[in-house]
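Novice: Sequence:
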Amino acid sequence: IAEAEKSGFKVTVAVCDAGGHLLVMRRMDGAMPVSADIAAGKARSAVMFARETKLLEGAVNGGKNNGSERVALLTSGHVLMEGGVPIMDPSSGRIVGAVGVSGVKPNEDAAVAKAAVQALSASRSKL
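With the first letter of the sequence shown counted as 1, position 50 gets the number 52 in my numbering; the numbers rise by one all the way through.
Source of the hints: derived by calculation from the structure; they are not laboratory data. All values derive from a computational prediction rather than experimental measurement. Check the hints yourself; a few may be wrong.
Dumping the calculated BS3-like pairs for lysine-lysine here, alpha-carbon to alpha-carbon at most 25 Å [as the list claims (entries may be wrong)]: (1) Lys12 / Lys116; (2) Lys107 / Lys8; (3) Lys107 / Lys12; (4) Lys116 / Lys8.
With the sequences and hints as input, model every part of the structure.
Specialist: Encoded structure:
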(Lines of atoms letter the chains of each structure in order from A; the text may use other names.)
(Lines give C-alpha, C1' and ligand atoms only; values in the text may rest on other atoms or scores of the structure.)
Protein backbone atom coordinates (compact mmCIF):
# COMPACT_ATOMS: atom_id res chain seq x y z
CA ILE A 3 0.00 0.00 0.00
CA ALA A 4 2.87 2.37 0.79
CA GLU A 5 4.19 2.10 -2.78
CA ALA A 6 0.73 2.84 -4.19
CA GLU A 7 0.26 5.82 -1.88
CA LYS A 8 3.70 7.16 -2.80
CA SER A 9 2.74 7.03 -6.49
CA GLY A 10 -0.76 8.42 -5.95
CA PHE A 11 -2.43 5.17 -7.07
CA LYS A 12 -5.82 3.92 -5.86
CA VAL A 13 -5.54 0.14 -5.91
CA THR A 14 -6.58 -3.07 -4.27
CA VAL A 15 -3.88 -5.38 -2.91
CA ALA A 16 -4.65 -9.06 -2.30
CA VAL A 17 -2.42 -11.70 -0.69
CA CYS A 18 -3.08 -15.42 -0.96
CA ASP A 19 -1.42 -18.53 0.41
CA ALA A 20 0.29 -21.33 -1.53
CA GLY A 21 -3.11 -22.91 -2.25
CA GLY A 22 -4.46 -19.72 -3.80
CA HIS A 23 -6.72 -18.95 -0.84
CA LEU A 24 -7.19 -15.29 -0.01
CA LEU A 25 -5.52 -14.30 3.27
CA VAL A 26 -5.90 -10.52 3.24
CA MET A 27 -7.17 -7.81 0.95
CA ARG A 28 -7.11 -4.03 1.16
CA ARG A 29 -9.04 -1.82 -1.24
CA MET A 30 -7.86 1.76 -0.95
CA ASP A 31 -10.39 4.58 -0.85
CA GLY A 32 -11.14 5.53 -4.44
CA ALA A 33 -10.21 2.15 -5.96
CA MET A 34 -12.87 0.71 -8.22
CA PRO A 35 -14.89 -2.09 -6.57
CA VAL A 36 -14.08 -4.53 -9.39
CA SER A 37 -10.38 -4.18 -8.58
CA ALA A 38 -10.98 -6.44 -5.55
CA ASP A 39 -11.99 -9.37 -7.77
CA ILE A 40 -9.19 -8.74 -10.24
CA ALA A 41 -6.47 -8.37 -7.57
CA ALA A 42 -7.53 -11.61 -5.86
CA GLY A 43 -7.59 -13.35 -9.25
CA LYS A 44 -4.10 -12.12 -10.09
CA ALA A 45 -2.72 -13.39 -6.77
CA ARG A 46 -4.43 -16.76 -7.17
CA SER A 47 -3.27 -17.12 -10.77
CA ALA A 48 0.33 -16.30 -9.83
CA VAL A 49 0.28 -19.15 -7.30
CA MET A 50 -1.57 -21.67 -9.43
CA PHE A 51 0.68 -21.14 -12.46
CA ALA A 52 3.84 -20.61 -10.34
CA ARG A 53 4.91 -17.44 -12.16
CA GLU A 54 4.23 -13.76 -12.54
CA THR A 55 0.97 -13.16 -14.33
CA LYS A 56 2.80 -10.88 -16.77
CA LEU A 57 4.28 -14.04 -18.31
CA LEU A 58 0.84 -15.63 -18.58
CA GLU A 59 -0.62 -12.54 -20.21
CA GLY A 60 2.20 -12.49 -22.76
CA ALA A 61 1.68 -16.16 -23.57
CA VAL A 62 -2.00 -15.55 -24.31
CA ASN A 63 -1.83 -12.15 -25.98
CA GLY A 64 1.52 -12.43 -27.70
CA GLY A 65 3.21 -9.13 -28.44
CA LYS A 66 1.29 -6.03 -27.45
CA ASN A 67 1.11 -2.88 -29.50
CA ASN A 68 0.24 -0.22 -26.94
CA GLY A 69 -1.02 -2.10 -23.88
CA SER A 70 -4.69 -1.75 -24.82
CA GLU A 71 -5.16 -5.45 -25.60
CA ARG A 72 -6.91 -7.20 -22.75
CA VAL A 73 -7.87 -10.52 -24.33
CA ALA A 74 -6.35 -12.28 -21.30
CA LEU A 75 -8.30 -10.36 -18.66
CA LEU A 76 -10.46 -13.35 -17.74
CA THR A 77 -9.79 -16.78 -19.16
CA SER A 78 -11.05 -20.03 -17.66
CA GLY A 79 -11.56 -18.40 -14.28
CA HIS A 80 -7.97 -17.16 -14.03
CA VAL A 81 -6.76 -13.59 -14.35
CA LEU A 82 -3.93 -13.76 -16.86
CA MET A 83 -3.02 -10.12 -16.62
CA GLU A 84 0.11 -8.39 -15.32
CA GLY A 85 0.04 -7.55 -11.62
CA GLY A 86 0.29 -10.93 -9.86
CA VAL A 87 3.66 -11.83 -8.27
CA PRO A 88 4.53 -15.05 -6.40
CA ILE A 89 6.06 -14.90 -2.92
CA MET A 90 9.06 -17.22 -2.66
CA ASP A 91 10.53 -18.77 0.47
CA PRO A 92 14.24 -17.99 0.01
CA SER A 93 15.36 -20.95 2.11
CA SER A 94 13.48 -23.57 0.06
CA GLY A 95 12.79 -21.78 -3.20
CA ARG A 96 9.13 -22.77 -2.92
CA ILE A 97 6.18 -20.52 -3.60
CA VAL A 98 4.41 -19.75 -0.33
CA GLY A 99 1.82 -17.32 -1.66
CA ALA A 100 1.34 -14.40 -4.01
CA VAL A 101 0.38 -10.75 -4.17
CA GLY A 102 -2.09 -9.42 -6.72
CA VAL A 103 -2.74 -5.73 -7.40
CA SER A 104 -5.38 -4.04 -9.52
CA GLY A 105 -6.48 -0.47 -10.07
CA VAL A 106 -4.01 1.20 -12.41
CA LYS A 107 -2.12 0.21 -15.57
CA PRO A 108 -0.89 -3.40 -15.48
CA ASN A 109 2.80 -2.45 -15.29
CA GLU A 110 1.97 -0.10 -12.38
CA ASP A 111 -0.03 -2.87 -10.68
CA ALA A 112 3.02 -5.12 -11.05
CA ALA A 113 5.36 -2.50 -9.55
CA VAL A 114 3.12 -2.22 -6.48
CA ALA A 115 2.88 -6.02 -6.21
CA LYS A 116 6.67 -6.40 -6.39
CA ALA A 117 7.09 -3.74 -3.70
CA ALA A 118 4.61 -5.64 -1.52
CA VAL A 119 6.51 -8.90 -2.00
CA GLN A 120 9.77 -7.14 -1.06
CA ALA A 121 8.13 -5.63 2.03
CA LEU A 122 6.77 -9.05 3.07
CA SER A 123 10.20 -10.64 2.54
CA ALA A 124 11.91 -7.92 4.56
CA SER A 125 9.47 -8.30 7.46
CA ARG A 126 9.88 -12.09 7.35
CA SER A 127 13.66 -11.81 7.62
CA LYS A 128 13.26 -9.81 10.84
CA LEU A 129 11.35 -12.65 12.51
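Novice: All hints are to be evaluated individually against the structure, with a verdict given for each.
Specialist: Hints versus structure:
1. Lys12 / Lys116: holds (16 Å)
2. Lys107 / Lys8: holds (16 Å)
3. Lys107 / Lys12: The given pair, whose Cα atoms are some 11 Å apart, holds under the 25 Å limit.
4. Lys116 / Lys8: holds (14 Å)
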